[in-house]
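Engineer: Okay, here's what each chain looks like letter by letter:
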Amino acid sequence: MNAPMIIQFLANGFMVGGVYALIALSIVLVYKSTRIFNFAVGQMIMVCGFVCWAFIEQAGFPVWLGLLLGGISGLLIGLIIERLTLRPLIGQPILASIMITLALAYFLNGLTLFIWQAYGRNFPQFLPGSPLQLAGVMVSHEHLWTFGIAIFVFIIFAIFYRYSGTGLDMRATAEDHQLAQSRGVKVTKIFSITWGIVGLITTVAGVLLGARLGLGLYLPAIALKAFPAVLFGGLESIPGAIIGGLTVGILENLVGGLLHPWLMEITPYIILLLILIIRPEGLFGLKRIERI
Amino acid sequence: MRPNGVYDTKYTQDIAIVRTVPHWALLIGGLTLLFLLPLWIKVQVMNLIAIYVIAVQGLSILTGYTGQISLGQSAFMAVGAYTSALLSVHAGISFWISLPLSGISAGLAGLVFGLPSLRIKGFYLAMATLAAQFIIPCLIIHIRPDLTEGTGVLLVPPPQIGDFKFNTQQSMFYIIMPISVFLTFVAKNLTRSGIGRAFIAIRDNDLAAEVMGINLFRYKILSFFICSFYAGIAGSLWAHWMRSISCDDFTIMQSVWFLGMLIVGGMGSTAGAVFGTAAIQLLEELTRGMSPFLIQFFPHVKGTLIESLSPMVFGMIIIIFLIFEPRGINHRWEIFKTSYRLWPFTY
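From first to last, the protein sequence lines are chains A and B.
Start counting the first sequence at 53; every next residue gets the next number (our numbering).
Start counting the second sequence at 593; every next residue gets the next number (our numbering).
Among these hints, one or two may not hold up.
[To be verified] Straight-line Cα separation of at most 27 angstroms, BS3-like style, residue types lysine-lysine; simulated pairs:
{"id": "1", "chain 1": "B", "residue 1": "K780", "chain 2": "B", "residue 2": "K713"}
{"id": "2", "chain 1": "B", "residue 1": "K713", "chain 2": "A", "residue 2": "K84"}
{"id": "3", "chain 1": "B", "residue 1": "K713", "chain 2": "A", "residue 2": "K339"}
{"id": "4", "chain 1": "A", "residue 1": "K238", "chain 2": "A", "residue 2": "K84"}
{"id": "5", "chain 1": "B", "residue 1": "K929", "chain 2": "B", "residue 2": "K602"}
{"id": "6", "chain 1": "A", "residue 1": "K84", "chain 2": "A", "residue 2": "K339"}
Since the hints were made in silico from the structure, they are not lab data.
Please model the entire structure based on the sequences and the hints provided.
Structural biologist: Shown next, in the form of structure tokens:
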């Protein structure tokens, strides 16, 4: 095993990790403000990706318009999901909120099959450029674009969350629903905004994953790998999402490349199990102290 | 709620499950009818329901009574199925011995993934069991592909007594159904015992339970063991019933399906697990039966209509139940029982 190969695996892991970080961000945003863990994120990515594809390929819009419309419909999908399924469950026990996102995942899976069938679809080639060769390491331009866009979107939302007025309201809601309400923040509105943003992020992730791997029913399985990333960084930490995403991507590729390819599939989950046993709150998460 | 005019004068009467003569008549009549059913209806569906009932009963003990969420039930089923299949195929051990062994091996696998449950709960625990759902099938495929056929299909011999082979749906029904009924009975009694009450205390408030002197670690682990034991038995029956298994049968979707059955049936009740499983599976059959009719309206989905329709219907059903009747079918059944016992009075 020589050094260039290890660097190659590192580079691959880094690139893949960018997308994991983006997906992790969407999970963290939802968890912070609504205390719901979105298990349906993979299916949302798939549906939003397919919607974008439908605008570009089936409706024949130019790519930029298709992506714009895709983004808008992603936003709407997020809003609709929040209003119809999650709003009625505010204040219900934790199992209900877990089950509702799982049921949603099921439903979206069926919907995708129903509308677009099972076989894979490909986006037209819209990312310009050709594979780069840097000091013996091959980096495909798709990977590079994916990574760049993912990190760009990540930073945009992190800044929005940190500095805008709405972001401040969202952070207040994340801290304490009742306190936020008493300060005049409309919590239900914040929930809607959060899910709208999540719809947007999943559209970006769907397009990025779709452009690199094609669209199909296997997309949710890839998105599931963001779960270890979220837990690694801590469920409530945005910087944790990016560090977790990159770490999981890199470890997955290193283990898969250096030890055995089949280990690649389960590495993220072994990481997850280890985190849960050793440090359940993750790197930057908050440790909750319980009182009766 | 006691039936009108029934008073308990002895302690044994107080703890009895079946109390009155009509109860006994209904129970015996119902069981006789159940075991005569193969004469009239499609046994295949009944077998599937009976196997799923076992798995859901296990999950009901873990999730419904102890309040620990498991997304790995179908992986533990896979452990049971493969244990039983490997013992029968490669070691030549009879089904009757490998059945309990597969329950125990699945139970041990459950213990491993239940270990984090002492420190974590809620989403985190769901995650730990989700990890089981990915790690276990992957290990089955890759560790000894020469034994398990890897991603391929492993053929399993039918159960046998002497020279008689249980190789038809009807004969398997008489193995699966009694085991299912028996395990349901065990679950019912277990949840009424001291162990069951400890489980309920942990579900309602684990800190308070610990203060009351319940050994949290022991009971949580025990709950995981029982849950996976049930899954293992279900898996073993599944293997010898289908007579061919592959890892594709035991997916995360299947685990969610079990949880959904539990939600629809009603958490924290033995009857609920049966109701939920029967309701969801019959709905699935209905969707299947309706598909030739529906296909006229949606000609573009020809091949995948059932595959797409059944998750949609299933997802919808769970969402509707969670929003409008989170206590499940069993709650409606309890209301009905109370009202007919009080009839003609309203309370």
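Engineer: If you check each hint against the structure, which ones fail?
Structural biologist: none
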